[in-house]
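Chains as they are written, first to last, in our numbering: chain A, 1 to 475; chain B, 1 to 475; chain C, 1 to 475.
Fair warning: there could be bad hints in the mix.
Since the list can't tell identical chains apart, any single copy or any two copies may satisfy a pair.
[Stated by the list, open to error] Derived pair list, reagent style DSSO-like, types lysine-lysine, alpha-carbon separation capped at 27 Å:
#1 Lys32 / Lys155
#2 Lys4 / Lys98
#3 Lys471 / Lys98
#4 Lys354 / Lys328
#5 Lys98 / Lys155
#6 Lys191 / Lys32
#7 Lys32 / Lys471
#8 Lys155 / Lys343
#9 Lys32 / Lys354
#10 Lys98 / Lys354
#11 Lys32 / Lys98
#12 Lys467 / Lys354
#13 Lys328 / Lys348
#14 Lys328 / Lys343
#15 Lys467 / Lys191
#16 Lys328 / Lys98
Keep in mind the hints are simulated off the structure, nothing from the lab. Quick caveat: nothing in here was measured; it's all calculated off a predicted structure.
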Amino acid sequence: MSDKTLQLHPDRLFPTDARVRDIARSLYNEVKDLPIVSPHGHTDPRWFAYDENFGNATELFIRPDHYVFRMLYSQGVPLESLGIGRQDDAPVEQDPLKIWQLFARHYRLFRGTPSRMWLDTVFSEVFGLTQVLDENSAGHYYETITRQLATDAFKPRALMDRFNIELIATTEGALDPLAHHQHISGTPWAKRVITTFRPDDVVDASREDFADNIRALGEMTGEDTQSWQGYLQALRIRREVFRRHGATATDHGHPTAATSDLSQGECESLFARCLSGKANAGEQELFRAQMLTELAGMSLEDGMVMQIHPGAYRNHNPLVFNHFGRDKGADMPSQTEYVQALKPLLDKYGNEAKLNIILFTLDETTYARELAPLAGHYPCLKLGPAWWFHDSPEGMLRFRHQVTETAGFYNTVGFNDDTRAFLSIPARHDVARRIDCRFLAQWIAEHRITEQEGHELAYDLTYRLAKQAYKLGDA
Amino acid sequence: MSDKTLQLHPDRLFPTDARVRDIARSLYNEVKDLPIVSPHGHTDPRWFAYDENFGNATELFIRPDHYVFRMLYSQGVPLESLGIGRQDDAPVEQDPLKIWQLFARHYRLFRGTPSRMWLDTVFSEVFGLTQVLDENSAGHYYETITRQLATDAFKPRALMDRFNIELIATTEGALDPLAHHQHISGTPWAKRVITTFRPDDVVDASREDFADNIRALGEMTGEDTQSWQGYLQALRIRREVFRRHGATATDHGHPTAATSDLSQGECESLFARCLSGKANAGEQELFRAQMLTELAGMSLEDGMVMQIHPGAYRNHNPLVFNHFGRDKGADMPSQTEYVQALKPLLDKYGNEAKLNIILFTLDETTYARELAPLAGHYPCLKLGPAWWFHDSPEGMLRFRHQVTETAGFYNTVGFNDDTRAFLSIPARHDVARRIDCRFLAQWIAEHRITEQEGHELAYDLTYRLAKQAYKLGDA
Amino acid sequence: MSDKTLQLHPDRLFPTDARVRDIARSLYNEVKDLPIVSPHGHTDPRWFAYDENFGNATELFIRPDHYVFRMLYSQGVPLESLGIGRQDDAPVEQDPLKIWQLFARHYRLFRGTPSRMWLDTVFSEVFGLTQVLDENSAGHYYETITRQLATDAFKPRALMDRFNIELIATTEGALDPLAHHQHISGTPWAKRVITTFRPDDVVDASREDFADNIRALGEMTGEDTQSWQGYLQALRIRREVFRRHGATATDHGHPTAATSDLSQGECESLFARCLSGKANAGEQELFRAQMLTELAGMSLEDGMVMQIHPGAYRNHNPLVFNHFGRDKGADMPSQTEYVQALKPLLDKYGNEAKLNIILFTLDETTYARELAPLAGHYPCLKLGPAWWFHDSPEGMLRFRHQVTETAGFYNTVGFNDDTRAFLSIPARHDVARRIDCRFLAQWIAEHRITEQEGHELAYDLTYRLAKQAYKLGDA
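Taking the hints into account, I'd like the entire structure generated from these sequences.
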């Protein structure tokens, strides 16, 4: 057993000034038990469709969490020793308990990181663990977690209820058959587990499988996707299918925020060139840019909310990519520009108050300089919450401090957990609620908003804005 | 009537820690009643020249304030419904009371913004209003404000006295006849209301009216402005006229901070090309760059302080520009670079201790990285205060936190209100005074400056540095 | 005498909240007396080799400190009046007392800067001065300091002991004969005063003396440095010599972080072109880029830690450079990019857990966006502390706040004083210890780390991580 008690202090993340902390507590008490609305995430719809038990602690907490093995890898822990499967099927550690022990031995590396806070919260609140994870308590942890995971109370749907998750959106590619969502279609769960349309696979011509994907898109939809018009029509058809499975939003993960507004003739020849496999990097970028504008136009037609997530340099480490594949903690943020990049799209659709485009960034320098001024003017733009590396107490505080004075609160859209780590969802929302209450408490204490405004805002930021921005019903 | 009381807490914006707040209060008490020096702004000199009453609440607070309708527009309120005149004379809302009510209905959008703080301060301190503005109190607000505006006590000169404005600088283009300043010339008001020379209209060759403006400049000055030398001479003559109307400073609003130092022959042919209307965007940028260096040279000759305000992407929204014109809240900041951009000018004049160049930015990333190191070395450079989107409590704090350690306090120049909203001037200066005192109090409490130094600095930042930097007399 | 008492408050830089301050004090009390490890700096090895007395106050505090005369120069004080020698031997002020008095008269300019805090700490703690430096106390200061400097207790080695400096690294160019380190070789001081290998002089082909340096390198090593392979071999030989004089690290001060990975044939022809003096700026940049990768490979061979310090625009002011030479306060930070720039090197060596590359930056926007994600993934990367302009209380806080959540604490390497101002070293380390304890105390008070973790981390950040990252023995 560890000699250290695991303590989740009820005032964690609150301001240290006693008077301000009291205000934060009072705001938090009113929102902490509100239902969780999770309009953007990456959980596996299979869980909610078939409601099968999760496996062991290692499978649940380590293998799928690139935050976790990224940090271990940075300190010299080989990914093989964490059981991360190799593309070449070279042997990797198979014993989940050994992997768990290795993780526990390095747990101090996470000090001060959001991963540590999420994990400790899950360990304590979901599994009732009472010691800090370390080498000594590793076995007890592994056994306690794995044993509970086998019970009915830890099945996905039971946890959905226990976690008070009102709605969760998963994310599927344009070609996904949506079989898992199909499985729950017509059941009450269809209202709580919805999909999101993410067409990067049929929009990003730099992918090796692009031409294949376009062909598959044609087969799925019966459209001639070798023609520009047929391709667009096929996208419309897939959007409609996604909407039937609850989707209210689309998602676009592009390297930059570039948009363009080409003539139809230019679009046709650019699309043909991308299909031919002869497009260079600039043409592929232009095609993605054009497609953001096309997809915005479709959103205006069909009412789907458009999420733009630019700025990740994917698979920066070729050795890790070649040995272990995508999403292994080797994606890096890059400088991102919005004011010039979005102009073609905004010139065309920016003044449409019925269009909802939610912008995200990995480049915090754009908060005050570009994103808040854009969202504080264009009717179609709203700002998504602090994202990915910035989904953390400091990151969220920087977001509010840098965005609010120019964009106000009402051009933001509440919190996204953006995670595939299902068990961490309550912990992540709890961090967001604590930090928003902390921020509001500070401004109340500085007499920048009134206490009554603070209470309204706490509710809005926790619950109402997410439902409204993602068109998820009244709040 | 609104059911909520409008409260301006005496400690607003101060630190929440009781001990630090006490220090802030004590600093603030010494500077809060100091005269307002407003060396950079955009009020209408006509007001001070003819001293006529303002119109109604809507005309005063909404129509001219792009901060206000920008936010309303971002949330779907059409500009037509706010009475913003269309270029094509299409009908817009005419009823000022209806516009005011629409504004009041959406007043919650401004929560947490500086606009809200400025407006509440004016409502309370200038008009004696005691409820929060909302749908219910809108009519009472409109009537109370409009009635008072018709009285002698609310004429511009009376407000100048009431607001304790020692000096205010307006801004006029190079071709402005300065008729309103002429009207007060020779009266005691000429010392309190001065002009600023802003030659963008005859320096920015990307404007459609550039060639016309150069011709007009020639007519005004009797110089041959079709020649490079005549053009420069004409600028010198206009500067002299502006100085006779009190101007101590020039102002330059360029898209970037680019400067250049071309040979005379290159200047002549570049100028000719710009005049011919055949210059491309790069040549127009080069001409603006060259002119910053030329104008710095003139400042060295005639002693005028040079203000450089780069980095705004003007009129980003073409629909808004075409329908409603300039300055409608659709200007966006862009990334701005100074270290390379200013080098040609600095190579030529950077070591002139008699030259005063005040740099501003919309790109806060340059505070610690470029602006503070430049101002902390070059004798000619000083840093203007947090500007435009950053003229806010958080923006001002970021400025001081990021600039002070490298540039010190004495390479900064006090506060600019930079506004056309005359009634908000005391509120804006009050925010700056509170935030500076808060910042100083924090550093006193952390024993980074002494209490005595803090008191001297509070005076300097509020009053002395503005007078000194803008050459407005002893302080 | 000055009428103001010089007070170094024991709680300086600590949080103002009493509860948090108590935690900070308790952390600080445990680390304040730990030995100083100074693995990166620019003191003169001659001092420690021959142990001669320093000269007068002016020679010690003003002439070598570009932070000091940079600030004075920015406010119009000519460098000549500060006794800074001119390249053309034009007369400059020679009287050290007059220079000291000029400095004292402008001492208020440093309010709020780290220079002021370092200087006051030295004045008080090293020289026992009790009044603030100003015009009145200048003579007393000069006399008190200069008198003490002549005593045995103020000889360099005595100060090393008094300051409790366990180890100090100096920095020498690749061609440096290391005579001073040679002098102490074999004595106990050889363990406390080590060199660092800084090969910019033989790597940066934009220097006028590059070809000469390469020739000299050949002569020193007996290698044919006109050939690519001979040049590389010569570098290996010099590294070996430096290691014999204690060096555990190399240092690289490049304009950008660019790296490249050319074929051997490309390297040979690029090197030849650089040697010929015909390389253009792009080729010189490419050569520096290639050399970072080559030097990383050598570090992997010989175990030396590699420090990369990119982003300084050196000698920005040509007049100051021509009259006074390098390092006169006219170096400016520039925007720096890492994610793309380092990719060639990382593609080759990024996954080597035995390689230690420590990254620094002058562009704080990269902390959260690029550096923390890179260091939080690549086994070879660690982050150096806040550097140069950012080696300040605010700069250090921004570093910790922006880096920790993604990189953790254990991908950072403790503090570097990076100074040639020997007497300020304890003051600089003391600022770092205070700020780290303040940061940790805040996170303890917010229940983000436990008190026990905070105490371990305070020790790690103060002492252990520096020893470990620079391979300086067990801690």
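Each hint, compared with the structure:
no.	hint	result
1	Lys32 / Lys155	within (23 Å within a copy, 52 Å between copies)
2	Lys4 / Lys98	within (22 Å within a copy, 62 Å between copies)
3	Lys471 / Lys98	neither (46 Å within a copy, 30 Å between copies)
4	Lys354 / Lys328	between (38 Å within a copy, 21 Å between copies)
5	Lys98 / Lys155	within (25 Å within a copy, 57 Å between copies)
6	Lys191 / Lys32	within (23 Å within a copy, 58 Å between copies)
7	Lys32 / Lys471	within (22 Å within a copy, 48 Å between copies)
8	Lys155 / Lys343	neither (47 Å within a copy, 43 Å between copies)
9	Lys32 / Lys354	neither (31 Å within a copy, 46 Å between copies)
10	Lys98 / Lys354	between (54 Å within a copy, 24 Å between copies)
11	Lys32 / Lys98	neither (37 Å within a copy, 40 Å between copies)
12	Lys467 / Lys354	within (16 Å within a copy, 50 Å between copies)
13	Lys328 / Lys348	between (38 Å within a copy, 18 Å between copies)
14	Lys328 / Lys343	between (33 Å within a copy, 17 Å between copies)
15	Lys467 / Lys191	within (13 Å within a copy, 57 Å between copies)
16	Lys328 / Lys98	within (20 Å within a copy, 57 Å between copies)
In this structure, the hints that do not hold are numbers 3, 8, 9, 11, in rising order.
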